[in-house]
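These protein sequence lines are chains A and B, in that order.
Residue numbers are given in UniProt numbering: position 739 of the first sequence equals residue 739, and the series is strictly consecutive.
Residue numbers are given in UniProt numbering: position 472 of the second sequence equals residue 472, and the series is strictly consecutive.
The set of hints was computed from the structure by calculation and includes no laboratory data.
Warning: the hint list may mix true and false statements.
Claimed, not checked - No farther apart than 35 Å at their CA atoms in a straight line, the calculated lysine-lysine pairs in the DSBU-like style are these:
#, chain 1, residue 1, chain 2, residue 2
1, A, 402, B, 73
2, A, 309, B, 296
3, B, 632, A, 412
4, A, 296, B, 151
5, B, 499, A, 138
6, B, 471, A, 499
7, B, 680, A, 549
8, B, 138, A, 309
9, A, 309, B, 107
10, B, 73, A, 166
11, B, 138, B, 107
12, A, 499, B, 107
13, A, 549, B, 107
14, A, 499, B, 138
15, A, 166, B, 646
16, A, 309, B, 151
17, B, 549, A, 309
18, B, 559, A, 73
19, A, 549, B, 559
20, B, 471, B, 402
21, B, 138, A, 151
22, A, 412, A, 309
23, B, 166, A, 471
Only a predicted model underlies this, so the values are computations on that prediction, with no experimental measurement involved.
Number of protein chains: 2
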Amino acid sequence: MLLTQYFLSIRAAQHKEVQESSSIYTKKQISILDMTDQETPENVASTPAEAPVRPKQASHRGRTVGPIANSNKEHEEIPEFEPFMLMPRGPPPLTEYLDVWDVNMLKQAYEENKQRHHTHLYHCDHLIVRRAQEFLIKITFNRPFKPEQDKFAVEFSIGAGAQYSKGTYIPVFPTLERQSVWRGQILESSENVVTMGITPASDCIVGKYRMYIAVVTPYGIRRTRRDPRLDTYIIFNPWSPGDSVFLDDEEEREECVLNELGIIYHGTYDDISERPWNYGQFEFGILDACLFVLDKAEMPLTNRGDPIKISRVASAMMNSRDDDGVLVGNWSGDYLYGVAPTSWTGSVEILLDYAGSGGQSVGYAQCWVYAAVFNTFLRCLGIPSRVVTNFFSAHDNNGNLKMDIILDDNGKVDRSRTRDSIWNYHCWNECFMARPDLPEGFGGWQVVDATPQETSDGMYRCGPASVAAIKHGQVCYPFDAPFVFAEVNSDLVYYTRNKDGTLHPVRVNTSYVGRLVLTKAVLDKGRREITDHYKFPEGTAEERRVLEKAEEFGCQREKAVVPQADVEVEILAREVQRGEDFDLELNFTNHSNHQRVVDIYISGNVVYYTGVPSAEVIFQTLEVTLEPEQNKKEKIVVRNTDYQSKLVEQGNLNFIATGKVQETGRIITTMSVVTVHNPKLTVQVTGSPRVAEEMYVTVEFTNPFKSNLENVYVRVEGPGIMSINTKKYSIIGPGNSITWTESFSPRRAGTTKLMASLDCAALRQVYGEVEVTIQP
Amino acid sequence: MLLTQYFLSIRAAQHKEVQESSSIYTKKQISILDMTDQETPENVASTPAEAPVRPKQASHRGRTVGPIANSNKEHEEIPEFEPFMLMPRGPPPLTEYLDVWDVNMLKQAYEENKQRHHTHLYHCDHLIVRRAQEFLIKITFNRPFKPEQDKFAVEFSIGAGAQYSKGTYIPVFPTLERQSVWRGQILESSENVVTMGITPASDCIVGKYRMYIAVVTPYGIRRTRRDPRLDTYIIFNPWSPGDSVFLDDEEEREECVLNELGIIYHGTYDDISERPWNYGQFEFGILDACLFVLDKAEMPLTNRGDPIKISRVASAMMNSRDDDGVLVGNWSGDYLYGVAPTSWTGSVEILLDYAGSGGQSVGYAQCWVYAAVFNTFLRCLGIPSRVVTNFFSAHDNNGNLKMDIILDDNGKVDRSRTRDSIWNYHCWNECFMARPDLPEGFGGWQVVDATPQETSDGMYRCGPASVAAIKHGQVCYPFDAPFVFAEVNSDLVYYTRNKDGTLHPVRVNTSYVGRLVLTKAVLDKGRREITDHYKFPEGTAEERRVLEKAEEFGCQREKAVVPQADVEVEILAREVQRGEDFDLELNFTNHSNHQRVVDIYISGNVVYYTGVPSAEVIFQTLEVTLEPEQNKKEKIVVRNTDYQSKLVEQGNLNFIATGKVQETGRIITTMSVVTVHNPKLTVQVTGSPRVAEEMYVTVEFTNPFKSNLENVYVRVEGPGIMSINTKKYSIIGPGNSITWTESFSPRRAGTTKLMASLDCAALRQVYGEVEVTIQP
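Build out the structure end to end from the sequences listed, making use of the hints.
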């Protein structure tokens, strides 16, 4: 490489951007890299000496000294020569001083930097390293480096107006006597090549830095011209005790930072289903897309060293409310103008769409899509994170610990007056970080939730809220802890409505909400219950103390003492396949030693996973006579024809049985959600499972129903082995089958999955997957 | 009044809105009342049986059971007859049961309700009462009320889907045995008239309720037809110990709830100016406009009993960022498409414009306009509040306790690298409330700030943050305490920049920022210093402990020990009138017993009130020789011609003197802001100062400058006596005068002010005022 390619024609303070004529980017996602790398025409200042013009934004004039640096893509060129004195004729030829011929970032996946920094999986042409850990570069000079006379610095800069005091400009010095906030040292010097070790500060800004080598001469500083190939990404480091996201458990780090394969739990607590998910945090373009999300949020660069602030900003940016964030929420069942939430199989397509379109929100998401894409974002930037599922989640009620179900005079559910709904499940994220902003004891896992709470005071961001603080009822600490506390701790209160419009509580169920909190087990395909991270066991003294503590901080509970009925009823759950008739079994127990006659109403509704009722499926009344101490079962038949045509996307039926004991007038209640299971996709793999060899995946499906399925979309993808593929079938007739085979070449070795989804308006949430182990 | 006007034709569940054909509203602001009272065509459901259609909003389908009630204007009619049983032929004639002939809300300003509830000042045709305090209504029946046989309830409802468990529907019963959450009692019963006392719950929703009287018959409930004249506003009650905004000081309540006249401090801490302001919280239409702000925010009604949530939502809604809130911020000097921030004299025009246009943001605001309009909002709803001014406010730095000033090698300010700016002053609000969401001790005054912090992580809302928590460094409690802490506690750090781009601190000034916090004195025209509410005195042990506590919670300070120079310099302030030449006096002190020679740079810049520099006015270098222990003054002349043409709106000049002591190499610095005072307006009043008599106000101004003033706007208004009047002069030539006389008729007695402003691009912030006492 020629000297002239690396060095400027010696001229002071040249501000013009020199466009690279030969691009090194040949990938399809070139557009994203364009965005982060190059000035778009409207961003180019008309006069080079001025600060970049930022159209479509409020003027900063009078408000701040200059525009605040809030983007990885904006920058001003650092001058290639900075004179120390006035030089009317320009600087003299600087032939006797150190000159840079080449810089080697050691950025290949197999090289030491990426291996030791756990960044070898990123599919990216740049060096990616983590904070608070040394990485190496090799600099080739024009002659051997002489420490006693040669002075140079490796300079990193990020964003516009880079400045040392803001952490956006950092020179790294090779001498022990002279160090900046990033440590530098020469590890080896042989012939013209110097190997330098550089350790970014443990709290430095996370993002894409430009790198220069600056040599000090008596006349001024001369530095290498900007070279995009030297751009370096610095991300969070859960492996370093100095970093505030340090997680001291290698297996957890491998799961919560490095694992691209996810399992997201859904269904109901007694009939749990799994969704496979491709987080794809290492796919080509994803890291750029994640930084683009923060740039789009106009988050000041100076705040981007703080995982608390980054996760809070991102929780707002994952949804489109307020800020044109990544995903548009839609629970309506009408997904004509986008992709149905149940159809996605991974985050890659979503993030690349968003960044590739310059920030057009992508449709559509429900809670697990928000959580899954947020998880990709966090893992990609190096913040340990996982998706958790809370079964029976009290939502939308903003710190009030009551969910109301209104019964009429006779004990029958008044669906028009019951406005609260309990989500069958809700997904959010936990991310791991220290909390220096709180008293001791609240670091560790933090809840962040990107699902917009449109009904709770317009919360379009949530968290980070310390899981430990929630467990101990210390809901007085930021951010949004009372909201999360209510999601797992609310009581279900049944009221009867008097003729005069007032209500009085007749039953309080304290164990229904927050029944089970699950996440994927570490490096395992199984599930892990973490309910005990959020609360003490039901009925213990600790639990009572925690609820009292939360009440001190204004969380309101139902205080009325409700007399217990001496008769109990429960609905026995069972697994149901779509298309089946099934029995609903009611189990009555008379705890008294008197005869009891119970008038009972059983109402079954198709519900969304948000607990919101759609159509009624059955409604029956029963009179049940129970002898003293008797236990008795009653069966109700639910026919396929009752529910089949009414089902909405996730196929949940909510049964409520309520009634009155004739002798005592007491109200008895129970509630149960039954999931109707859909048929599955068959996914099979053939071919030689080796890196770069051709393989084939076959997806098969048979329509088991008596009607056509129309406009059916099938998706298949596999982390590290196959990008997303989509195929549309206009119609699949009753009993008809489809078979779709695609070829692919695995990019890397290891055990991974191919996952497929099938989606159409009449049948959603059909999944299939197969595990494959690729040999090197 | 006829029975038929009050009662419905007995027919079950009639949902149609009956439009009032004869309006009782004759005021100019009819459009605002329209908005809150009547369905606009696009809000009317096409089929009456369905829930109201809410266009332009995300569908709630699948997400919630129904649309969430979040507006005072939406409602469903409560049926005028609710049968207890099936009645195929309709209910029988109910002639023998109690019948309502008339309801008297006792809502005149002179009547007991408004007097005892401190709401007599509201210019409003409806009853306005406060929570947790009894008010009276008189019901005239068709015959004497018989307590043993007649059953009735007074019903209050707010918003759509009103429901007892949500606090949006409340029946009030007259019998002691049967009470709801609002207490009711019969105080007097004579002939057909019953006087009933009603006490709203101390935590009830604040807003506009509809009122009905419901009579129970054996066949069902029949109730009065909706009558807009019975609509009742319920607001916060600082006079009641039960209300969470209770403020136990009558004088403070009178100032912070009932005073419409404000003084807002500005200028610099050693040359304080005053802005008079008409908060106008009692003006016609303002209460409706304030409720409209919450409706526009789509704040769920169920949360509107909580002053913490209301003040937080309103802090976001006062600015237009994110949510199309009330005011558009603009610091640029270009106010062509709106009103210059310095031109406003009160909040009334702004709030009526906003609500009257259905929520079009109003231009333009800077910090005191946000604070003043927010103050109107809070006082209008009954939350005690005041505007405070913090002189030298560290802004935009989000919890970092350093404001950086960068000097070059020689000690000269490097203006291009100094990005932080300290606001000469910043205005925010304090509001008074309990904080049940925090541990004990943090109730009382709370900081809320509506000025958008575009540069601090996109904060478009701020607070409530407990003032006590800020004083004690307990910044771990919500909301946004670290930000406010930094505004009053940051250090000014002077760095010199080395040739290699690194910086090292050379001076730390810990007393510059947060120099003085002022608010208007209670019921007085003077000022009140409340700096000690925010911090302990400089240099005390408590102060040190507080700073350490805040650092524990992540607030970063400069820790370097900076050697002190033995020479000091200060700039002596003086008052300057616009157009004058003036001397800048520098005071040097040599504390050593050696001779010292100081090279000093004096740089003067025109600055915005945000501390952001505009043009440079002077730049001089001096070499000063000081004998041992000598004190020496040096003068620098600043000419009118140097600064006159460069001044920006608030006419501030910022002088920085920095330099190096030759013998020791130590850096010395000082900074001072000089306010250039503008000419004043003369305001005079003539005529007989009595209620409803004609009076005249005359505003006079003479252009003292040598150039024309073009497109000059003059405004004048007076709380309770004169609505806003605006006049435009195309040109006022040099030395020319204007005289403007307007007539007005005072609406109420008492001492008040007429305040005027004059504004044009070349001359802003010209005020005048006159006090008048109106006799009854």
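A quick look at each hint next to the structure:
{"no.": "1", "hint": "A:402 / B:73", "verdict": "27 Å, holds"}
{"no.": "2", "hint": "A:309 / B:296", "verdict": "28 Å, holds"}
{"no.": "3", "hint": "B:632 / A:412", "verdict": "92 Å, violated"}
{"no.": "4", "hint": "A:296 / B:151", "verdict": "62 Å, violated"}
{"no.": "5", "hint": "B:499 / A:138", "verdict": "25 Å, holds"}
{"no.": "6", "hint": "B:471 / A:499", "verdict": "53 Å, violated"}
{"no.": "7", "hint": "B:680 / A:549", "verdict": "58 Å, violated"}
{"no.": "8", "hint": "B:138 / A:309", "verdict": "57 Å, violated"}
{"no.": "9", "hint": "A:309 / B:107", "verdict": "51 Å, violated"}
{"no.": "10", "hint": "B:73 / A:166", "verdict": "49 Å, violated"}
{"no.": "11", "hint": "B:138 / B:107", "verdict": "11 Å, holds"}
{"no.": "12", "hint": "A:499 / B:107", "verdict": "31 Å, holds"}
{"no.": "13", "hint": "A:549 / B:107", "verdict": "43 Å, violated"}
{"no.": "14", "hint": "A:499 / B:138", "verdict": "25 Å, holds"}
{"no.": "15", "hint": "A:166 / B:646", "verdict": "31 Å, holds"}
{"no.": "16", "hint": "A:309 / B:151", "verdict": "58 Å, violated"}
{"no.": "17", "hint": "B:549 / A:309", "verdict": "21 Å, holds"}
{"no.": "18", "hint": "B:559 / A:73", "verdict": "33 Å, holds"}
{"no.": "19", "hint": "A:549 / B:559", "verdict": "38 Å, violated"}
{"no.": "20", "hint": "B:471 / B:402", "verdict": "18 Å, holds"}
{"no.": "21", "hint": "B:138 / A:151", "verdict": "92 Å, violated"}
{"no.": "22", "hint": "A:412 / A:309", "verdict": "48 Å, violated"}
{"no.": "23", "hint": "B:166 / A:471", "verdict": "27 Å, holds"}
Of the hints listed earlier, those the structure fails to meet are numbers 3, 4, 6, 7, 8, 9, 10, 13, 16, 19, 21 and 22, in rising order.
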